[in-house]
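Work the whole structure out from these sequences, hints included.
Taken in order, these protein sequences are the chains called A and B.
Read in order, the letters of the first sequence are residues 1 to 373 in our numbering.
Read in order, the letters of the second sequence are residues 374 to 741 in our numbering.
Source of the hints: derived by calculation from the structure; they are not laboratory data.
One or more hints might be untrue.
[Unchecked claim] Straight line, CA to CA, 20 Å or less: simulated SDA-like cross-link-like pairs of lysine to any residue:
1. LYS45(A) with ILE688(B)
2. LYS434(B) with THR165(A)
3. LYS716(B) with LEU90(A)
4. LYS316(A) with GLY410(B)
5. LYS466(B) with LEU348(A)
6. LYS19(A) with LYS735(B)
7. LYS45(A) with VAL139(A)
8. LYS48(A) with VAL536(B)
9. LYS91(A) with LEU719(B)
10. LYS19(A) with ILE649(B)
[Stated by the list, open to error] Chain B stretches covered by chain A per the calculated footprint, using a threshold of three residues with CB under 8 Å from any CB of chain A:
11. 413–426
12. 483–493
13. 502–513
14. 642–656
15. 662–668
16. 677–684
[Claimed, not checked] The following residues of chain A were derived to be distant from chain B, with all beta-carbon distances above 10 Å:
17. SER58
18. ARG61
19. GLU65
20. SER70
21. SER81
22. LEU84
23. LYS206
24. LYS221
25. SER222
26. ILE245
27. VAL249
28. ASN252
29. SER258
30. GLY363
Bear in mind that the values here come from a model prediction, so they are computed numbers and not experimental data.
Don't be surprised by glycine CBs; every beta carbon is placed ideally from N, CA and C.
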Amino acid sequence: MKTILYIIQKEFKQIFRNKGMLPIIFVLPLLQLVILSNAATFEVKNIKFGYIDNDHTSTSRALVEKFNASTYFNVLTDFPSEALASSAMLKGEVDVLLQIPQYFERDLQKEKQNSLGVTINAIDGAAAGVENVYVTQIVQRFNQNIKVDLLQVSDKQIQPITIETIPLFWYNKTLNYKTFMVPGILVLLVTMITLFLSGMNIVREKEIGTLEQINVTPIKKSQFIIGKLFPFWVIGMGLLTVGLILAKVIFNVPMLGSLPLMYLYTSIYILVILGIGLFISNFTDTQQQAMFIAWFFTVIFILMSGLFTPIESMPKWAQTLTEFNPIRYFVEVMRMVMLKGSGFNDILPQLLKTALYAFIMNGLAVWSYKKTN
Amino acid sequence: MKRFIGFIKKEFYHIFRDRRSLFILFGMPIAQIMLFGFAITNEINNVDIAVLDHSKDATTKEIINKISASKYFSINQFIDRESDIETIFKKGKVKAVLNFEEGFSKSLIKDHTATIQIITDATDPNTANTISNYVNAILQQYQKGLHKDITIAYQIVPQTRMVYNPELKSVYMFVPGVMTIILMLVSAMMTSISITREKELGTMEILLVSPIKPIQVIVGKVFPYIFLSIINAIVIVVLSIFIFKMPVQGSLFLLAFESVLFIITALALGILISTISATQQTAMMISLMGLMLPVILLSGFIFPISSMPLPLQVISNIIPAKWFIIIIKGIMLKGVGLQYLWKETLILVGMTIFFIGLSVKKYKIRLE
Numbered sequence: 001m002k003t004i005l006y007i008i009q010k011e012f013k014q015i016f017r018n019k020g021m022l023p024i025i026f027v028l029p030l031l032q033l034v035i036l037s038n039a040a041t042f043e044v045k046n047i048k049f050g051y052i053d054n055d056h057t058s059t060s061r062a063l064v065e066k067f068n069a070s071t072y073f074n075v076l077t078d079f080p081s082e083a084l085a086s087s088a089m090l091k092g093e094v095d096v097l098l099q100i101p102q103y104f105e106r107d108l109q110k111e112k113q114n115s116l117g118v119t120i121n122a123i124d125g126a127a128a129g130v131e132n133v134y135v136t137q138i139v140q141r142f143n144q145n146i147k148v149d150l151l152q153v154s155d156k157q158i159q160p161i162t163i164e165t166i167p168l169f170w171y172n173k174t175l176n177y178k179t180f181m182v183p184g185i186l187v188l189l190v191t192m193i194t195l196f197l198s199g200m201n202i203v204r205e206k207e208i209g210t211l212e213q214i215n216v217t218p219i220k221k222s223q224f225i226i227g228k229l230f231p232f233w234v235i236g237m238g239l240l241t242v243g244l245i246l247a248k249v250i251f252n253v254p255m256l257g258s259l260p261l262m263y264l265y266t267s268i269y270i271l272v273i274l275g276i277g278l279f280i281s282n283f284t285d286t287q288q289q290a291m292f293i294a295w296f297f298t299v300i301f302i303l304m305s306g307l308f309t310p311i312e313s314m315p316k317w318a319q320t321l322t323e324f325n326p327i328r329y330f331v332e333v334m335r336m337v338m339l340k341g342s343g344f345n346d347i348l349p350q351l352l353k354t355a356l357y358a359f360i361m362n363g364l365a366v367w368s369y370k371k372t373n
Numbered sequence: 374m375k376r377f378i379g380f381i382k383k384e385f386y387h388i389f390r391d392r393r394s395l396f397i398l399f400g401m402p403i404a405q406i407m408l409f410g411f412a413i414t415n416e417i418n419n420v421d422i423a424v425l426d427h428s429k430d431a432t433t434k435e436i437i438n439k440i441s442a443s444k445y446f447s448i449n450q451f452i453d454r455e456s457d458i459e460t461i462f463k464k465g466k467v468k469a470v471l472n473f474e475e476g477f478s479k480s481l482i483k484d485h486t487a488t489i490q491i492i493t494d495a496t497d498p499n500t501a502n503t504i505s506n507y508v509n510a511i512l513q514q515y516q517k518g519l520h521k522d523i524t525i526a527y528q529i530v531p532q533t534r535m536v537y538n539p540e541l542k543s544v545y546m547f548v549p550g551v552m553t554i555i556l557m558l559v560s561a562m563m564t565s566i567s568i569t570r571e572k573e574l575g576t577m578e579i580l581l582v583s584p585i586k587p588i589q590v591i592v593g594k595v596f597p598y599i600f601l602s603i604i605n606a607i608v609i610v611v612l613s614i615f616i617f618k619m620p621v622q623g624s625l626f627l628l629a630f631e632s633v634l635f636i637i638t639a640l641a642l643g644i645l646i647s648t649i650s651a652t653q654q655t656a657m658m659i660s661l662m663g664l665m666l667p668v669i670l671l672s673g674f675i676f677p678i679s680s681m682p683l684p685l686q687v688i689s690n691i692i693p694a695k696w697f698i699i700i701i702k703g704i705m706l707k708g709v710g711l712q713y714l715w716k717e718t719l720i721l722v723g724m725t726i727f728f729i730g731l732s733v734k735k736y737k738i739r740l741e
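Following this line, the structure appears as structure tokens:
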């Protein structure tokens with residue numbers, strides 16, 4: 001026990017002595033949490049909108065005015081010609097383009113029906129879909145208005161059947177994206193710091209040559225590993241704590257569930273990550289290799305965790321792969337406990353899988369660590 | 374010059390001797406682009422939903438069938454009580470519950486109106502909102518089918534044309550992003566590590582007392598990585614064209630030129646990182662912790678920059694990846710040439726010069 005304490009002491013001293021690293025471990029992640037959480041939103045607003053009005057009548061102007069009044073479209077440009085408009089589209093200055101044909105008003109009155117050209121930059125397919133919905137909604141509302149203004153004939157004799165829908169958004173009534181992203185980004189930062197630090201740690205001793213010195217001492221394998229990993233476990237838990245405080249104070253993220261449950265889960269989760277880090281450390285010779293591998297897995301873990309893009313939309317085989325992704329479970333648990341107030345029984349499956357993962361990873365790591373080369 | 378070539382040779386030997394790193398270096402981008410190209414999408418389909426049907430009559434059955442037939446939803450379970458909603462949401466099994474009021478058919482016939490509640494788990498606001506929109510769209514279709522004979526007077530029909538990506542594939546959005554992330558991180562990380570490594574191992578001292586000039590040391594260090602990154606870029610572009618059917622509307626030559634430019638920008642950033650960090654550990658933490666999330670989040674790779682708050686839109690301008698993503702999308706999807714992309718290109722050139730200038734200033738010829 002005493003030996004472990006000394007190793008832990010040594011590790012902490014080494015961490016705090018490296019002045020270049022301290023801000024990276026403690027300040028950078030929190031700074032990113034505060035700043036980047038604002039960036040992650042799928043909301044589509046401030047749409048760059050332009051129009052070509054070939055009609056110049058009160059109807060066409062009224063239609064453009066509708067777009068002007070909408071909060072989604074805020075940059076309005078009137079293009080005199082098609083060529084200028086398409087060049088602006090190529091430059092990326094406009095994403096949605098409305099083309100009002102000549103004789104728009106006249107044809108509308110004569111034929112009661114008319115079409116309208118809408119061009120949408122669809123490189124971001126999801127955003128283009130939403131933009132299309134906005135445009136359609138505005139045009140539909142406009143349709144209803146001209147019915148009243150121009151027609152003044154009510155078709156009330158046939159009352160159409162309407163099914164009314166009432167959308168209810170539980171747990172996040174205002175659809176605030178930050179409450180969704182902050183817990184997720186916190187998960188990422190805790191994971192990245194603990195994985196990178198533990199992944200580099202032992203291999204660093206190997207590369208510098210100090211590992212050999214430790215190997216010839218009577219320190220046991222298990223003592224060494226516990227002593228090495230414990231400081232990072234503490235750092236991870238510390239980051240979580242500060243991150244949660246920031247989430248509450250700055251972003252006012254609701255915390256409906258129990259804090260002890262979150263800490264219980266995280267304490268097991270960090271073990272998984274440390275196990276992976278140690279495992280990587282054992283199988284590499286240089287810090288460079290260790291970092292490449294750590295980076296490789298982090299990018300995959302992050303992008304397949306359901307943090308930014310929903311897991312249900314992935315193909316089946318990819319969904320199966322995410323079962324092996326520890327970040328996925330952590331993101332799920334944090335969101336469930338914080339935002340929905342899920343209890344112990346609700347997160348039991350995730351908890352068990354994570355515990356099993358921790359057991360296997362650490363088992364493998366200890367097994368593969370050899371004191372002799 | 375001969376000395377310099379000898380130095381470059383040494384660097385190549387270093388790299389090729391480390392088989393494991395080399396394998397990761399080339400295997401990684403391929404594995405990532407394949408995985409993400411197929412798996413990552415922000416489309417929403419196959420969402421699990423539950424139904425709470427208080428009336429269980431012909432109309433509600435018909436509507437439920439319509440909904441389960443759509444590719445967006447799969448009905449996971451039927452529940453009987455309002456109190457079950459909370460339970461299944463907390464377990465995270467379903468994302469939405471459709472709640473049909475009692476006597477749905479009857480009130481539809483009598484009062485011409487009936488109500489469905491769409492209760493969504495809005496912890497994910499985007500999915501919640503989309504689910505609600507999709508259900509509405511399906512119901513509207515259903516209602517249209519009910520009164521076909523009524524023609525509505527005065528109607529403007531928007532004819533929407535989706536340009537550059539008519540099938541709304543998310544691959545078109547993500548492949549340029551993944552390519553950028555890989556080139557950025559691999560290049561920045563590799564150079565920063567390889568220079569600090571010499572510092573940490575003490576061999577930098579030997580290089581500094583040798584007759585090779587400091588600038589030659591740096592260029593010699595970076596050169597092999599330019600070469601490796603270009604191979605990486607070629608592999609990624611080939612994969613995206615042949616496997617993901619990404620078009621290259623513009624000039625392939627321009628694409629190559631811009632990629633090389635971006636690689637050099639990233640390498641210059643790597644050099645800068647190496648001049649300010651003393652150990653490999655610091656260099657790696659800066660290039661990983663410091664670059665990974667900003668590059669993913671602020672480059673427009675996943676989240677649209679125009680929707681971000683204004684201060685972040687301003688910050689996003691200093692992320693080189695943002696400009697490169699605009700350039701790749703421009704060349705590959707829009708088919709534009711340099712006359713549209715000169716601004717972005719100049720910004721990348723400017724950034725490169727800035728990074729190199731700063732590193733030359735910070736580069737210490739003497740060791741403490």
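Outcome of the hint check:
{"no.": "1", "hint": "LYS45(A) with ILE688(B)", "in the structure": "19 Å, holds"}
{"no.": "2", "hint": "LYS434(B) with THR165(A)", "in the structure": "17 Å, holds"}
{"no.": "3", "hint": "LYS716(B) with LEU90(A)", "in the structure": "13 Å, holds"}
{"no.": "4", "hint": "LYS316(A) with GLY410(B)", "in the structure": "14 Å, holds"}
{"no.": "5", "hint": "LYS466(B) with LEU348(A)", "in the structure": "13 Å, holds"}
{"no.": "6", "hint": "LYS19(A) with LYS735(B)", "in the structure": "18 Å, holds"}
{"no.": "7", "hint": "LYS45(A) with VAL139(A)", "in the structure": "18 Å, holds"}
{"no.": "8", "hint": "LYS48(A) with VAL536(B)", "in the structure": "15 Å, holds"}
{"no.": "9", "hint": "LYS91(A) with LEU719(B)", "in the structure": "15 Å, holds"}
{"no.": "10", "hint": "LYS19(A) with ILE649(B)", "in the structure": "12 Å, holds"}
{"no.": "11", "hint": "413–426", "in the structure": "holds (count 9)"}
{"no.": "12", "hint": "483–493", "in the structure": "holds (count 9)"}
{"no.": "13", "hint": "502–513", "in the structure": "holds (count 6)"}
{"no.": "14", "hint": "642–656", "in the structure": "holds (count 6)"}
{"no.": "15", "hint": "662–668", "in the structure": "holds (count 5)"}
{"no.": "16", "hint": "677–684", "in the structure": "holds (count 5)"}
{"no.": "17", "hint": "SER58", "in the structure": "15 Å, holds"}
{"no.": "18", "hint": "ARG61", "in the structure": "14 Å, holds"}
{"no.": "19", "hint": "GLU65", "in the structure": "14 Å, holds"}
{"no.": "20", "hint": "SER70", "in the structure": "14 Å, holds"}
{"no.": "21", "hint": "SER81", "in the structure": "18 Å, holds"}
{"no.": "22", "hint": "LEU84", "in the structure": "14 Å, holds"}
{"no.": "23", "hint": "LYS206", "in the structure": "13 Å, holds"}
{"no.": "24", "hint": "LYS221", "in the structure": "24 Å, holds"}
{"no.": "25", "hint": "SER222", "in the structure": "25 Å, holds"}
{"no.": "26", "hint": "ILE245", "in the structure": "20 Å, holds"}
{"no.": "27", "hint": "VAL249", "in the structure": "18 Å, holds"}
{"no.": "28", "hint": "ASN252", "in the structure": "15 Å, holds"}
{"no.": "29", "hint": "SER258", "in the structure": "13 Å, holds"}
{"no.": "30", "hint": "GLY363", "in the structure": "24 Å, holds"}
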